[in-house]
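Kindly produce the complete structure, drawing on both the sequences and the hints.
Protein chains: 2
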Amino acid sequence: MTIKEQILEMGASALKASRQLSSLSTEEKNSILLAMAESLEQSSSDILPANKLDIAAAEKNGLTSAMVDRLRLDEKRLAAIADGIRQVASLPDPVGEVMAKWQRPNGIDITQLRVPIGVIGIIFESRPNVTSDAAVLCLKAGNATILRGGSEAIHSNRAIAAALQSGGESAGLPPNSIQLIPITDRESVQHLAEMDQYLDLIIPRGGAGLIEKVVSLARMPVIKHYDGICHVFVDSEADIEMAVSITVDAKTQKPGVCNALETLVVHQDIAQDFIPRAFAELHKRGVELRCDEQSLAISGGDGVKPAEESDWRAEYLDLILSVRVVNDLTGAISHINEFGSQHSDCIVTQNPSRSERFLQEIDSATVFWNTSTRFSDGEEFGFGAEIGISTDKLHARGPMALRELTSYKYLVRGTGQTKAQ
Amino acid sequence: MTIKEQILEMGASALKASRQLSSLSTEEKNSILLAMAESLEQSSSDILPANKLDIAAAEKNGLTSAMVDRLRLDEKRLAAIADGIRQVASLPDPVGEVMAKWQRPNGIDITQLRVPIGVIGIIFESRPNVTSDAAVLCLKAGNATILRGGSEAIHSNRAIAAALQSGGESAGLPPNSIQLIPITDRESVQHLAEMDQYLDLIIPRGGAGLIEKVVSLARMPVIKHYDGICHVFVDSEADIEMAVSITVDAKTQKPGVCNALETLVVHQDIAQDFIPRAFAELHKRGVELRCDEQSLAISGGDGVKPAEESDWRAEYLDLILSVRVVNDLTGAISHINEFGSQHSDCIVTQNPSRSERFLQEIDSATVFWNTSTRFSDGEEFGFGAEIGISTDKLHARGPMALRELTSYKYLVRGTGQTKAQ
Chain A
0 MTIKEQILEM
10 GASALKASRQ
20 LSSLSTEEKN
30 SILLAMAESL
40 EQSSSDILPA
50 NKLDIAAAEK
60 NGLTSAMVDR
70 LRLDEKRLAA
80 IADGIRQVAS
90 LPDPVGEVMA
100 KWQRPNGIDI
110 TQLRVPIGVI
120 GIIFESRPNV
130 TSDAAVLCLK
140 AGNATILRGG
150 SEAIHSNRAI
160 AAALQSGGES
170 AGLPPNSIQL
180 IPITDRESVQ
190 HLAEMDQYLD
200 LIIPRGGAGL
210 IEKVVSLARM
220 PVIKHYDGIC
230 HVFVDSEADI
240 EMAVSITVDA
250 KTQKPGVCNA
260 LETLVVHQDI
270 AQDFIPRAFA
280 ELHKRGVELR
290 CDEQSLAISG
300 GDGVKPAEES
310 DWRAEYLDLI
320 LSVRVVNDLT
330 GAISHINEFG
340 SQHSDCIVTQ
350 NPSRSERFLQ
360 EIDSATVFWN
370 TSTRFSDGEE
380 FGFGAEIGIS
390 TDKLHARGPM
400 ALRELTSYKY
410 LVRGTGQTKA
420 Q
Chain F
0 MTIKEQILEM
10 GASALKASRQ
20 LSSLSTEEKN
30 SILLAMAESL
40 EQSSSDILPA
50 NKLDIAAAEK
60 NGLTSAMVDR
70 LRLDEKRLAA
80 IADGIRQVAS
90 LPDPVGEVMA
100 KWQRPNGIDI
110 TQLRVPIGVI
120 GIIFESRPNV
130 TSDAAVLCLK
140 AGNATILRGG
150 SEAIHSNRAI
160 AAALQSGGES
170 AGLPPNSIQL
180 IPITDRESVQ
190 HLAEMDQYLD
200 LIIPRGGAGL
210 IEKVVSLARM
220 PVIKHYDGIC
230 HVFVDSEADI
240 EMAVSITVDA
250 KTQKPGVCNA
260 LETLVVHQDI
270 AQDFIPRAFA
280 ELHKRGVELR
290 CDEQSLAISG
300 GDGVKPAEES
310 DWRAEYLDLI
320 LSVRVVNDLT
330 GAISHINEFG
340 SQHSDCIVTQ
350 NPSRSERFLQ
360 EIDSATVFWN
370 TSTRFSDGEE
380 FGFGAEIGIS
390 TDKLHARGPM
400 ALRELTSYKY
410 LVRGTGQTKA
420 Q
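Heads up: the sequence lines are chains A and F, in that order. Numbering-wise, numbering that gives the first Met the number 0 puts 19 at position 20 of the first sequence, and it's gapless, one number per residue. Numbering-wise, numbering that gives the first Met the number 0 puts 360 at position 361 of the second sequence, and it's gapless, one number per residue.
Keep in mind that the hints were calculated from the coordinates and are not lab data. The reader is advised that the hints may include incorrect statements.
To be verified - Result set (DSSO-like, lysine-lysine): computed pairs, CA atoms no more than 30 Å apart in a straight line:
#1 A:15 - F:212
#2 A:304 - F:418
#3 F:418 - A:253
#4 A:253 - A:223
#5 A:75 - F:418
#6 F:304 - F:253
#7 A:253 - A:212
#8 F:100 - A:223
#9 A:223 - F:3
#10 F:51 - F:253
#11 A:304 - A:253
#12 A:223 - F:212
#13 F:3 - F:15
#14 F:3 - F:212
Now the structure itself:
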């Protein structure tokens, strides 16, 4: 069998599984999830040796120690993944929700019912915990998954997927509900992305290169998790202490994530007061500052660099911050809508009418007033879990959790009505 | 300028227009719509001569008289298009709706707000009224549009788009809110479909070939309006009179549309009673019947043909119906989920538990119990207007109207909260 034929066969099996999954009750799905968590912990004697193969290969291939660490599993990390599954079991089931219900003048009753999407393809890189996290969220929402992980974690991924599927089956999981593509050549991404007869959705989780490739190839909907080039705008009417605190938090609390601050935008009327205080705090935390002319002049040039044009479009994911002074709120909105990535942007101001204008006019998934951009997150929103932060505008925007892994259908009940009547 | 450069320039202008459109009030948008309707009627001296050029070309190129008729405009048809615009003005504005609002334990307030999508590309064939219908619905939902119509209607489309844009501008429509690609070569479809830096969504309206092409090329979300291979299943516990009436309505009331019946599925226990009565009514209305072995035997073979395998996947859009007898409800569900197009399917039965199973297990956008599939329609659902029937599962499924032309964003209001706290 060619790789393409193998993947097509997985697609057909996944579709069959998805039809069975869609009629499981919440209780049935939750028992399956608990059995999967149990099985994952019980399978540590399979998973950890498999993981050792990946670690050995990674070290041989000269991966950085940070990358090797992201690959590494141990009993504690496995337990954390299993706890994540139990957490998903405890979340409310989105499937079966009546989203709307109404009657038409001719007497037909229309119900909009939340249902699973069907079959979801997930393409991801390195970290093996994604195998479980993604499959489990999709499953809770009634979907079958076909996973395609990176080559670095292939042994771990295979062992995890096998433990989840077999543990789940012992509690009634339909066969082939969670399938991992056992090969990691690039061809398999293409076949998966073209298989729109079976796949309802594809979610690439990883760097821009991976997403870009999936976007070019995919025939089915893609939900993209692109860069977060996030901004804090410090308005002339900001509380300076609050502005410093939010800037420091958004930049330094966890710099390597998509909702961390990348560009600080400052109103010219507050720049003289705000910039020295903010820079002092940022210097203390080792943040490299890349400044436009005005902020450079105000800072006195100490420990800062001039920004280049490319800095306004940079997602550093590191302790680096670009800084720009603008004339007014309009200038801030223009800068953010032009250079941002429509992810998460914040205004700090005590003036409610200015904040309202910012909230309305910034075209981003989440717009903040007087809070850190780090709250752009499914957990912080109270969703209990998240599959990512969508930078798309269709279907799911911003923090994406169980509800965003569902579709709907209309049920129309009548008593013999015809159109010709 | 190359064609690609021209289209990129249109994209940039549309993005600018969409930012302005998103902050128009409902009243402003409605005044603009009324001015557009007025302008369309006032511009008949531009539009009708332009339409004559298209008609002349169509006749010269040997288009069928049905196709020529679909192209033709006159004062009455223009008035109907203008009335359609006034109708859209009278519909509720989906933009600005608070979809959800909650507070987190740390005191941040989260609001999910309905907003426009942004820039929508619409690629369509022949009928010039689509230029207005599509642009106007998108506009009411606060979106800018780039339209690419077929070559057959290019003169009419240009004149209509110009009348809409200029009429709208007199009432405050931002420049370039409605743009028509003035050329109809195939290259322009490709450039449009690849322009994901400006286009948030692309909607192909037309035949399967057009949709297929857009799906292969598009980098942004596509909402597809594929075939409707719709079914009526007559259960053993059906009211026979109702089943005949629904079958006849779904097949013959308007056979050329996507929600018309294409395959009749009959429970074996009712086939002897139902088939002769149904076939008699269908024969009267000139319906050609393509039957499986069992239905052929019951019909006695009079005026019917044997079905071929391809008939189960055919969207005839004509007075042709394929007929199949199944053993039971399970057989009916299997047939429909395998051969259908997940569009609109119906069960006729007096048994509520059977209908519930059918409603749950049929994986289609709209599933009917004891009503004609012809009700799968935005007007019939009470949406006031529709841009089409989506056969996708993401973002919009089934009848698609103003609400489905929107996205959302989250507004998060705080008092200085940071993640590190």
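Results for each hint:
1. A:15 - F:212: holds, 28 Å
2. A:304 - F:418: holds, 28 Å
3. F:418 - A:253: holds, 9 Å
4. A:253 - A:223: Roughly 22 Å separates the two Cα atoms, so the pair holds.
5. A:75 - F:418: Holds - the C-alpha atoms of residue 418 of chain F and residue 75 of chain A are around 25 Å apart, at most 30 Å.
6. F:304 - F:253: holds, 22 Å
7. A:253 - A:212: Status holds; Cα separation ~28 Å.
8. F:100 - A:223: holds, 25 Å
9. A:223 - F:3: Holds: residue 223 of chain A and residue 3 of chain F sit about 25 Å apart, inside 30 Å.
10. F:51 - F:253: holds, 28 Å
11. A:304 - A:253: It holds: about 22 Å lies between the C-alpha atoms, which stays within 30 Å.
12. A:223 - F:212: With a Cα-Cα distance of about 22 Å, the restraint between residue 223 of chain A and residue 212 of chain F holds, given a limit of 30 Å.
13. F:3 - F:15: Holds, at about 19 Å.
14. F:3 - F:212: Holds: residue 3 of chain F and residue 212 of chain F sit about 18 Å apart, inside 30 Å.
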